[in-house]
Each structure stands twice: as C-alpha cells, then as structure tokens.
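S.K.: What follows is each chain in one-letter form.
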Amino acid sequence: MSKMGVTASQTVGPFLSIAMRSEGQEYLVPKNSKNAIKIHGIVYDGEGTPVPDAVIEIWQANINGKYDHPEDNSDNELIKGFSGFGRSCTNNEGQFFFVTQKPGRVNGRGNSLQAPHLAVNILARGMLKQQVTRIYFSDEVQSNAEDPVLNQIDDELERKTLIANFNPNGGLIDEYEFHIYLQGENETIFFDV
Amino acid sequence: MTEPESYSRESKKDHPPAFYRDYKSTTFRHPKNRAIKIDHTVTEVTGPLFSSVKLEPGEGDLSIENGKEAQGQRIFVSGRVLDEGGRPVPNTLIEIWQCNAAGRYLHPNDQHPAPLDPNFVGRGRMISNEKGEYKFTTIKPGAYPWGNHFNAWRPAHIHFSLFGPAFVTRLVTQMYFPEDPLFAFDPIFNSIPSESARKRMISEFDLDTTEPDFALSFKFDFVLRGRQATPFENGA
Ligand SMILES: [Fe+3]
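Chains as they are written, first to last, in the numbering used here: chain S, 330 to 522; chain W, 150 to 385.
Heads up, some of the hints might be wrong.
[Claimed, not checked] Keeping only pairs whose Cα atoms sit at most 25 Å apart, straight-line, the calculated DSS-like set for lysine-lysine is: (1) S:Lys-458 / W:Lys-186; (2) S:Lys-489 / W:Lys-181; (3) S:Lys-332 / W:Lys-161; (4) S:Lys-332 / W:Lys-186; (5) W:Lys-186 / S:Lys-489; (6) S:Lys-332 / W:Lys-348; (7) S:Lys-458 / W:Lys-368; (8) W:Lys-181 / S:Lys-458; (9) W:Lys-162 / S:Lys-458; (10) W:Lys-162 / S:Lys-332; (11) S:Lys-332 / W:Lys-280; (12) W:Lys-368 / W:Lys-348; (13) S:Lys-458 / W:Lys-173; (14) W:Lys-348 / S:Lys-458; (15) W:Lys-368 / S:Lys-332; (16) W:Lys-203 / S:Lys-409.
Bear in mind the hints are in silico, worked out from the structure with no lab data behind them.
If we strip away everything but chain W, and leave its shape as in the complex, we get (with noise of 0.2 Å):
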C-alpha cells in the first residue's frame, strides 16, 4: 500500500491566531488546548471535487439580477487559483458573498442603515477552469460599520470560499481593494502576522483587463497549500 502524499503544514505567520484580542468575538470562540497535530490519511489528502456541481448561467455574475442592473461600479474579478508551487488548481469550486455599494448586505441581521438594492443579492458561484482561471462581474462593495469597537468600519472586501483537491486545502478568505484607507483600523485584516501575507489579500487594480465603458477591474490570485515533498523545477 502507498502512503498518501502529505501537504504542506502551515506557517503561523500566514494566518490568523484563533484568539485575537482586537477581534472581541474571538474571545469566546477560540479553543484553549492546543490542537493535536495528526499524520495526513486518506481523509485529508481526498476532498469534495464538486464534478456533479451544474452551474446555472448567470451565477458568476452578481451585478445583474432578474434581468436588472444593480446599482454601483461594476467590476471584474479575475484571477487563478493556484498552488504553492505555483501550479493550477483546475475545476474547483469558489463561491462568494459581499455587501451591496452601499455596504449592506441582503441578510436580515445587517442593521446598517445604508439602502438594499432590489437588483443586488451579493452570491456568486463559479468553478475554476481547466488553468485554474476564474472570472466574476460583480458590484464594487462598501464599506461598512460593525460593532467590534467605537467608530469600526470593514474596509471594503468581498468574502470567498474555495475548496481546492483535498480537505486540508480548504480555505475561507477576504478578498480586499487597493489602498483602502480603512486597513489600518481594521482587526480582521490585521490579525494575520505576517505583512506580506497581509497584502496578498489586497487585489490589484489591472487597466488591460477592464471593459471600456462598462467596467473596471481587479485580478486577485488563490494560493492553497500545495504538497510537502513537491520538487521544484529552477526554471532551466
């Protein structure tokens, strides 16, 4: 029998604690033991592959609904899912959900007293093509208040969850925008150590990829733990 091919572990610097004091929910929804570091079986070098997922026509756009257009800048995200050896993750499921422009969201715990849009419910679905590639046309979110602490305000982000090959590589992101003004003041954004891990969640503004005329856009790439043992090629 073949052993199963073990990912990556990951760096503590990459990610978040499970408590951050600045992020007062955590207080109470973090474990105290240490987690119990367990060998890679079967069970999480395999995972859902969503091959029966039938995706309806339109799931990938959320700034048209019923036929009608929603209010704010439309834009393109676009991007790949990758791997940390900088390979394509093919045919997996990416979902996500976001506030409106004015930075409500169609749910009915938002209280903000910004409007709803009729024309905006902020969910999207897509699969990653064959080169890991994905494309969503979406409305540019707001930003909004919370009650973390006095005067807390999200930067603008849009929420995306992606599965990738194994149970190990899931992950729940943010994905932010360029320059927000509002990074400094944010705990989500802030509770990951690293700074340059900080930064691969901001996308990027790309001029070659909007549409003249209809909408602007910003290019965002996935990278999900890759194999342990991978070797890797020195370009030649």
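Chain S extracted, bound-state conformation (with noise of 0.2 Å):
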C-alpha cells in the first residue's frame, strides 16, 4: 500500500494580505439580519504582543445545525446564501471579527451531541503550521457541559479558553469577545486533527 506523501505547510508569511484580505469575508450574515452575533478578538503572542498579520478563518454550520456540504447527512435544513466560512485578517492592534448566526448543534461521534461551535484555523507570520482550535458560547452552559469536546479538557481554566463571552450589548447586535493567545498563561487550548 503505497501513499502519496502530503504536501508540507510553510508560513503564510508577513505579506498574507495580499491574497487574503478582501471586502466583506467576516461577514457570513448580513450585520442588520435577524439573529446576527458579532464574535470579536485580538491574537496576542507570548509576550503579551497583539499579532497584526494573522489570518483567522472559521467554519461553522447554519443556525440549524447543519454544514453547507455534503457530507453532513444530518436531516437539518440547509439555508440558502449562508456558506458557513469566513476569514478575518487581523489589524495593526491583532484584532479579527465575524459577523454570523450562532451555528445549532450538530452531531459528535457516537450518539453524542456537540455544543454549537466554531472550527477555528489561525495562520500568521511566524507560524509555520496552521494552529486549529474552537470558538463555544459562554451563554450555553447546559450544552457545553454536554459536549464530547470540551469534555476532553479537565482543566477549568484551559476549557475557558475555548469560549467566548457573551456581553448582550444593550439591544445593538449581541457580541462575544474571544482572545486568542498563541503562548503564555492563558494559552488557547489547541487541537491535533
């Protein structure tokens, strides 16, 4: 049984923006629509530093619970114009943001059901590989206790990590405030897939 070897990962480099960063990519919903959340942050580095050329991208399925490819075989309904994906390059103060639809919930392995969730893929200077971690909502407690995933981490403050805060934002669109930190103290849990 012979395999063809894979192709290596190298830096996406300081200059990603040149192919990556184009007009309206963090916005999977339209900011004014119905059930619109706007998920924010600032990557920092290990010594407390924000990160200006990194590049975020997300993955998620609809608020129904279902990913936008066939291979989700679940019986929850596709929403038509909404992708799924979305990419964020960080600014000059490392800050990225989304605007989307908290994604419902969708199947873990087993008969087990997942906490709505974000796959998240962190590339930057400095980076050689892409890191891959996961965006959950803090306004989900029953759900998260729940979720195979998080269940995985023992530790109280490393699953934290994992999720972003919920702050309702006085009737304006309802944010969550998530930070990634590549090292240090609150290091971002991150996952071999």
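Bring the two chains, given one by one in their own frames, into a single complex with the hints.
M.R.: As structure tokens, then:
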C-alpha cells in the first residue's frame, strides 16, 4: 500500500493580506439581519503583543445545525446563502471579527451531540503551520457541559480558553469576545485534528 | 447514524514543528502546551466548498495588470491537486501571492529597496477543474532579503493556499524553483524534517508545457490529506 506524500505546510509569511484580505469576508450574514451576532477578539503572542499579521478562518454549521457540505448527512435544513466560512485578517492592533449566526448543535461521534461551536484556523507570520481551535459560547452552559470535545479538557481554566464571552450590548447586535493567545499563561487550547 | 469517515493523521516528519529555533519569529508564536487530539466529527470532515465563487476572467493570470505586461520572466505554473491516494481533488479554491521579479511585494510593510512594478500586483485565484488540474500564468518571483539573521535571503517562492474537501485538508504552503542556491540557508524551507517532503515543495521545470517565444513552465502537484481507511488498489 503506497500513499503519496503530502505537501508540507509553510508559513503564510508577513504579506498574506495581498491574497487573503478582501471586502466582506468577515460577514457570514448581513449585520442587521435577524439573529446576527458579532464575534471579536485579539490575537496575542507569547509576550502579550497583539499579532498584526495573522488570519483567522472559521467554519461552522448554520443556525439549524447543518453544514453546507454533502458529508453532513443530518436531516437539519440548509439555509440558502449561508456558506459557513469566514475569514478575518487581523488589523494593526491584532483585532479580528466576524458577523454570523450562532450555529445549531451538530452530531458528535457515537450518539453524542456537540455544543454550538465554530472550527477555527489560525495562520500568521512566525507560524510554520496553522493552529486549529474551536469557539464555544458562554451562554450555552448546558450544551457545553455535554460537549464531548470540551469534556476532553479537565482543567476549568483551559476549557475557558475556548469559550467566547457573551456581551448583550444593550439592544445592539449581540457580541461575543474571544481572544487567542498563541503562547503564555492564558495559552489557548489547540487541537490536533 | 453513520459515523463520519476520518482523514489520515499528519506525520511530524512531513510538516514543520510549531517552534523552529532558526526561524526566529516562531519563538513567541508557538503554543507550548500539547495540542489535544480529537476524533473527526462532522465538523472536521466537512469544509468550505466555494461553489458560489465566480472567478473574474484573468484571476489566474498575474502577468498582466490593466492590460499591461508585468516585468520579468513569464512562466506557467500548473499541475494537479491530489489526495494521498492519488485521486484528483476537483473544484477546490487555490489562492496565490508572491513578490515581483525584483523580489518586492506590493505591501506597505515590504521595505526591500527593490523596484515595484506598476503592472504587477502578485495575487491570483483559481479553482481546480474536474481532473484536479490548475494553471497560473505569472512572473518568476525574485529572491528577497529578510530580517531573520545576518544576510538572510528567501529562495524564490510562490505562496499557495488550498482548502480541499474538508476542514482538515486545509493547506498553506510555498512552492519553490529547482536548484535554488538559497535552499541550504533558508530556515523556512529547512523547517520540514523529512528530506523527501522538502523536495516535494520544489517545482519541476517542464519543457513540454513551455510556450515557444512566450513562457517557461514549471509543474507542481499538491497532495492533500486523504481518508484514513482508504483501500488502495494494486494497479490491476
Ligand atoms: Fe514570501
């Protein structure tokens, strides 16, 4: 059995924005649409300095818990126009954001059900390969407690690195804050997928 | 309910470590905790398909800007996107970016005192066809200096970003050119432990696909992660 060797990963380098920055890719839904939420945060390095040359990508199910992809065999309904992919290049202050809808719950392995979450890719200068993490939501206490992936993490503080903090924001669009720490005391939990 | 079919796991030899001392910027940008291994769920085996992306004519040709020709050696870069089983990966988004022939990026933070080319942006996109094939027309990028260590120069390269069929098939890499004298001195190239994996990042000059009096040609195939339990057929 011979497999072809995979192509190796290399850093995106400092000039990723030439190809990766383009208008509107942070918006998975329009910002004044029903159920729109904003997720925002800052990427920090191990010295606590914001990372201005990173790109964050998200992949998520729609509000019904359905991925726009043929391998999602659930009966949940697709929503026309919702692709589930977003990309945000950090600005000079290391900030990124997305406007989207909170995903519904999707199946885990076995008979489990996962809590609402976004799959996240982080790429930057100084990173030879992307890091993968997930964003969960602080106002999903019950489903988070049942989530098989979160439950692989015993340490409460480590779990918290994956949970975006809800900020109702007084009638404006609901906001969630999610910072990414590439290294250091508050280091984000990353996944080996 | 059927379980999602997992993808193969990555070998540490084929990919760079998060911390590679010789590439200084990795020092404060690598996690120190061990990544937590998770089983593939529907989240990991699905991914963005970009079926609604409509490319503008010319997005695959970086050698012409506003009808005017960029300076430098015109080249084709073409090949296939495959999975580990050798099967084509069709309809997948490929994004590229690069510096110009003189080694300068069109980016405000690029301070290399080499000339900018008014007819070169250095950004392109393409979607692989049904057979997994792609073809860009561009300008051979120059080598450029960077601040990693004294007299550091990057070998000529083109940055590539690919998605493939799933969240876990995402790949960002760099494609190099044959026989570059700078390979031996480049920590980014040498961050890959396996020599054969390093060599797979080098494109091949291909006389057959050059265009006489117009452009040279380099071939490069991408191999993305495939399924774990794929049965391989033995030719017959
Ligand atoms: Fe580069």
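S.K.: Hint by hint, note whether the structure agrees.
M.R.: Here is what the structure says about each hint:
1. Between the alpha carbons of Lys-458 (chain S) and Lys-186 (chain W) the distance comes to roughly 16 Å, so the proposed pair stays at or under 25 Å and holds.
2. Taking the CA atoms of Lys-489 (chain S) and Lys-181 (chain W), the gap is near 17 Å; set against the 25 Å cutoff, the hint holds.
3. With a C-alpha separation of about 16 Å, the suggested pairing of Lys-332 (chain S) with Lys-161 (chain W) holds against the 25 Å cut-off.
4. For the hint pairing Lys-332 (chain S) with Lys-186 (chain W), the CA-to-CA distance comes to about 23 Å; that is within 25 Å, so the pair holds.
5. Between Lys-186 (chain W) and Lys-489 (chain S), the direct Cα distance comes to roughly 18 Å. Compliance with the 25 Å bound is thereby established for this hinted pair.
6. Taking the CA atoms of Lys-332 (chain S) and Lys-348 (chain W), the gap is about 16 Å. The hint holds against a cut of 25 Å.
7. Restraint check: the Cα-Cα separation between Lys-458 (chain S) and Lys-368 (chain W) comes to about 24 Å, which is no more than 25 Å; the hinted pair holds.
8. Of the pairs offered as hints, the one joining Lys-181 (chain W) and Lys-458 (chain S) holds, with about 14 Å between alpha carbons and a cut-off of 25 Å not exceeded.
9. Restraint check for Lys-162 (chain W) and Lys-458 (chain S): satisfied, since their Cα atoms lie roughly 13 Å apart, inside the 25 Å limit.
10. With a C-alpha separation of about 15 Å, the suggested pair Lys-162 (chain W) and Lys-332 (chain S) falls inside the 25 Å cut-off, and the hint holds.
11. The straight-line distance between the Cα atoms of Lys-332 (chain S) and Lys-280 (chain W) is roughly 19 Å, inside the 25 Å bound, and the hint therefore holds.
12. For a cut-off of 25 Å, the pair hint linking Lys-368 (chain W) to Lys-348 (chain W) stands: about 13 Å separates their Cα positions.
13. For the suggested pair Lys-458 (chain S) and Lys-173 (chain W), the alpha carbons sit about 15 Å apart, so the restraint of at most 25 Å is met.
14. Taking the CA atoms of Lys-348 (chain W) and Lys-458 (chain S), the gap is about 18 Å. The hint holds against a cut of 25 Å.
15. Under the criterion of a C-alpha separation no larger than 25 Å, the hint pairing Lys-368 (chain W) with Lys-332 (chain S) is consistent with the structure, at around 20 Å.
16. For the hint linking Lys-203 (chain W) to Lys-409 (chain S), the alpha-carbon distance of about 17 Å falls within 25 Å, and the restraint holds.
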